[in-house]
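A.B. asks: Sequence:
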Amino acid sequence: MMELKILGSICFLEAVGTVGNIMGYHLGAGICLAGTSLLTVYTVYLGMEKTHKKICPECQCEIRKSYRICPECGHLFQEGLSEEQLTDVIEKEKEDDMSSEQIDRAFEKVDTLSMEEVKAYDSELDDFLRK
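FYI, the numbering for the sequence shown is 16 to 146, going by our numbering.
Treat each hint with caution, since some may be false.
[Stated by the list, open to error] Derived SDA-like pairs (lysine to any residue); straight-line CA-CA distance at most 20 Å: (1) Lys65 / Met16; (2) Lys65 / Pro86; (3) Lys68 / Arg83; (4) Lys20 / Lys65; (5) Lys80 / His90; (6) Lys68 / Leu91; (7) Lys109 / Arg120; (8) Lys20 / Thr55; (9) Lys68 / Met16; (10) Lys65 / Ile21; (11) Lys134 / Arg145; (12) Lys80 / Phe92; (13) Lys69 / Gln93; (14) Lys20 / Ala30; (15) Lys107 / Ile118; (16) Lys65 / Met17; (17) Lys109 / Val125; (18) Lys69 / Pro86; (19) Lys68 / Phe92; (20) Lys20 / Leu53; (21) Lys69 / Ser81; (22) Lys69 / Phe92; (23) Lys65 / Leu22; (24) Lys134 / Phe122; (25) Lys68 / Ile78; (26) Lys124 / Lys134; (27) Lys20 / Tyr60; (28) Lys80 / Gln93; (29) Lys109 / Glu98; (30) Lys65 / Cys85; (31) Lys69 / Val59; (32) Lys69 / Tyr82; (33) Lys134 / Lys146; (34) Lys69 / Lys80.
[Said to hold, decoys possible] Distance windows between CB atoms, simulated: (35) His90 / Ile21: 28 to 34 Å; (36) Leu144 / Gln75: 56 to 62 Å; (37) Asp112 / Ala49: 53 to 59 Å; (38) Arg79 / Lys20: 18 to 24 Å; (39) Thr66 / Leu42: 34 to 40 Å; (40) His90 / Ser129: 38 to 44 Å.
Because the hints were derived from the structure by calculation, they are not lab data.
Note that the structure is a prediction, hence the values are computed from the model and not measured.
Don't be surprised by glycine CBs; every beta carbon is placed ideally from N, CA and C.
Could you put the whole structure together from the sequences, leaning on the hints where they help?
C.D. replies: Here it is, written out as C-alpha cells:
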C-alpha cells in the first residue's frame with residue numbers, strides 16, 4: 016500500500032511538471048524531469064528489493080533471503096550443521112593450524128581433564144554408595 020502512495024505521489028509530481036511546462040513555465044520541465052528521475056530510481060529500488068526476498072512455504076510471508084528461520088511462523092529453511100559435524104569442522108581447522116606437538120599437548124590436556132572428571136565422579140559415587 017505504501018508503494019502505491021509513493022508511486023502516486025511521484026506521478027502527481029510529473030503531472031504538475033507537465034502542466035507547468037504546457038502553461039509555459041520554465042520550471043515545469045525541471046519538475047517533470049525530477050519526477051521521471053524519482054520514478055526511475057524508485058522502480059529500480061523496488062525491483063532490487065524483490066530480488067532479496069523469498070516466500071515462506073508455511074505461512075506465505077515475504078521475508079529476506081538471508082533469513083534461515085521465518086520470523087512469522089518459525090519455519091526452518093535450511094538445517095544447520097549438527098553438533099558433531101560442527102565439532103569435526105572446528106577440529107579440522109585446528110589440525111590444519113596446529114603442529115603435531117601442539118595436537119599431542121591438546122590431547123594430553125583432554126586426557127588429564129577427563130581422568131580428573133572420572134576420579135571426581137568415582138569418589139562421589141563411592142560416597143553415595145557408602146551412605
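A.B. asks: Now look at each hint and say whether the structure bears it out.
C.D. replies: The hints, checked one at a time:
Distance restraint check for Lys65 and Met16: the Cα-Cα separation of roughly 15 Å lies within the 20 Å cut-off, and the hinted pair is therefore satisfied. Between Lys65 and Pro86 the alpha-carbon distance is near 18 Å, which keeps this suggested pair within the 20 Å criterion. A distance of roughly 12 Å separates the Cα atoms of Lys68 and Arg83; the hinted pair therefore holds under the 20 Å criterion. In summary, the hint linking Lys20 to Lys65 is supported, as the alpha carbons are separated by about 18 Å, within the 20 Å threshold.
A C-alpha spacing of about 13 Å is found between Lys80 and His90, which places the hinted pair at or below 20 Å, so the restraint holds. Distance check on the hinted pair: Lys68 and Leu91 sit about 16 Å apart at the alpha-carbon level, within 20 Å; holds. Restraint check for Lys109 and Arg120: satisfied, since their Cα atoms lie roughly 13 Å apart, inside the 20 Å limit. For the suggested pair Lys20 and Thr55, the alpha carbons sit about 16 Å apart, so the restraint of at most 20 Å is met.
A hinted pair counts as satisfied when its Cα atoms are at most 20 Å apart, and Lys68 with Met16 qualifies at roughly 18 Å. Annotation: proposed proximity of Lys65 to Ile21 holds, straight-line Cα distance about 17 Å (limit 20 Å). Between Lys134 and Arg145 the alpha-carbon distance is near 16 Å, which keeps this suggested pair within the 20 Å criterion. At roughly 10 Å between alpha-carbon atoms, Lys80 and Phe92 fall within 20 Å of each other, so this suggested pair holds.
The suggested pairing of Lys69 with Gln93 holds, with an alpha-carbon distance near 13 Å, which does not exceed 20 Å. Distance check on the hinted pair: Lys20 and Ala30 sit about 15 Å apart at the alpha-carbon level, within 20 Å; holds. Taking the CA atoms of Lys107 and Ile118, the gap is near 11 Å; set against the 20 Å cutoff, the hint holds. The suggested pairing of Lys65 with Met17 holds, with an alpha-carbon distance near 15 Å, which does not exceed 20 Å.
A C-alpha spacing of about 15 Å is found between Lys109 and Val125, which places the hinted pair at or below 20 Å, so the restraint holds. Taken as a hint, the Lys69 and Pro86 pair is honoured in the structure, with Cα atoms around 13 Å apart against an allowance of 20 Å. For the hint linking Lys68 to Phe92, the alpha-carbon distance of about 13 Å falls within 20 Å, and the restraint holds. Between the alpha carbons of Lys20 and Leu53 the distance comes to roughly 14 Å, so the proposed pair stays at or under 20 Å and holds.
At most 20 Å may separate the alpha-carbon atoms for a hinted pair to count; Lys69 and Ser81 meet this at roughly 9 Å. Simply put, Lys69 and Phe92 have alpha-carbon atoms about 11 Å apart, close enough for the 20 Å limit, and the pair holds. This hinted pair checks out: Lys65 and Leu22 have alpha carbons roughly 16 Å apart, not beyond 20 Å. For the given pair, Lys134 sits about 18 Å from Phe122 by alpha-carbon distance, which is consistent with the 20 Å threshold.
A threshold of 20 Å between alpha carbons decides the hint, and for Lys68 with Ile78 the separation of about 5 Å falls inside it, so the pair holds. For the proposed pair Lys124 and Lys134, the alpha carbon gap of about 15 Å is at most 20 Å, so the pair holds. Our distance criterion of 20 Å between C-alpha atoms is met by Lys20 and Tyr60, whose separation comes to about 15 Å. A hinted pair counts as satisfied when its Cα atoms are at most 20 Å apart, and Lys80 with Gln93 qualifies at roughly 11 Å.
Taken as a hint, the Lys109 and Glu98 pair is honoured in the structure, with Cα atoms around 16 Å apart against an allowance of 20 Å. Between Lys65 and Cys85 the alpha-carbon distance is near 17 Å, which keeps this suggested pair within the 20 Å criterion. Between Lys69 and Val59 the CA atoms are separated by roughly 18 Å; this keeps the pair inside 20 Å, and the hint holds. Under the criterion of a C-alpha separation no larger than 20 Å, the hint pairing Lys69 with Tyr82 is consistent with the structure, at around 9 Å.
The hinted pair formed by Lys134 and Lys146 meets the criterion: a straight-line CA distance of about 19 Å does not exceed 20 Å. Taken as a hint, the Lys69 and Lys80 pair is honoured in the structure, with Cα atoms around 5 Å apart against an allowance of 20 Å. Between His90 and Ile21, the C-beta spacing of about 30 Å keeps the proposed range 28 to 34 Å intact. Between Leu144 and Gln75 the beta carbons are some 60 Å apart, a value that agrees with the proposed interval 56 to 62 Å.
For the pair Asp112 and Ala49, the beta carbons lie near 57 Å from each other, so the given range of 53 to 59 Å is met. At roughly 23 Å, the beta carbons of Arg79 and Lys20 sit within the given window of 18 to 24 Å. The supplied range of 34 to 40 Å is met by Thr66 and Leu42, whose beta-carbon atoms lie about 37 Å from each other. A beta carbon spacing of about 40 Å between His90 and Ser129 agrees with the range 38 to 44 Å that was offered as a hint.
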